[in-house]
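*Asks:* Quick note on numbering: the sequence shown equals residues 1 to 161 in full-length UniProt numbering.
Simulated restraints, written as ranges between beta carbons of each label pair:
| no. | residue 1 | residue 2 | range |
| --- | --- | --- | --- |
| 1 | Q136 | G81 | 52 to 62 Å |
| 2 | L132 | P69 | 21 to 31 Å |
| 3 | L80 | A107 | 33 to 43 Å |
| 4 | I74 | W40 | 24 to 34 Å |
Hints are computed from structural coordinates only; laboratory data are not their basis. Don't be surprised by glycine CBs; every beta carbon is placed ideally from N, CA and C.
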Amino acid sequence: MLCDAAQVCDGKLYILGGGWSMTVAGLAPMAIAMRLELAWGEAPNPHHWELFLQDEAGEQVTIETPEGPQPVEIRGDFQLGTPQGVPLGSDIPLNLAVTIGPLPLPANSRYRWQLVVDGESGEDWYASFSTLAPPQMPQQGGPANGPTGPAPMPSGPRPLD
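Let's have the full structure, built from the sequences with the hints guiding it.
*Replies:* The structure is reproduced here in structure tokens:
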């Protein structure tokens, strides 16, 4: 899920501003909140996850860095074990939260974060979004546009009605 902010604390996923699919291009950071479920037998093994940013054609998105163009991707590892008290054979849940700073993405474009776990990905293992153009700022007042600031208040006594 795409959100404004997310974190995991004591196994719980805390989400702020979650579920959006449109954002202003290049201005705001974002977070991705994920819940994975592992089969009982897979929980004790080490696992690797990756998130890749793709454009609407499914191509890897790259951004310019001091080292040259780099793909936009995030990677991590986890190993859960089998928690005490969980019934034998149960799926083991894992909540993950990833925070991403503002990305220099052009406006009016479509993207998706594709999740890959241990080299595998599912048809619905993605979160997609569109970028919007930044809003136009109103012209600041000045000689060409009239006075700026609040209207002057009349001074002196006012007649009573």
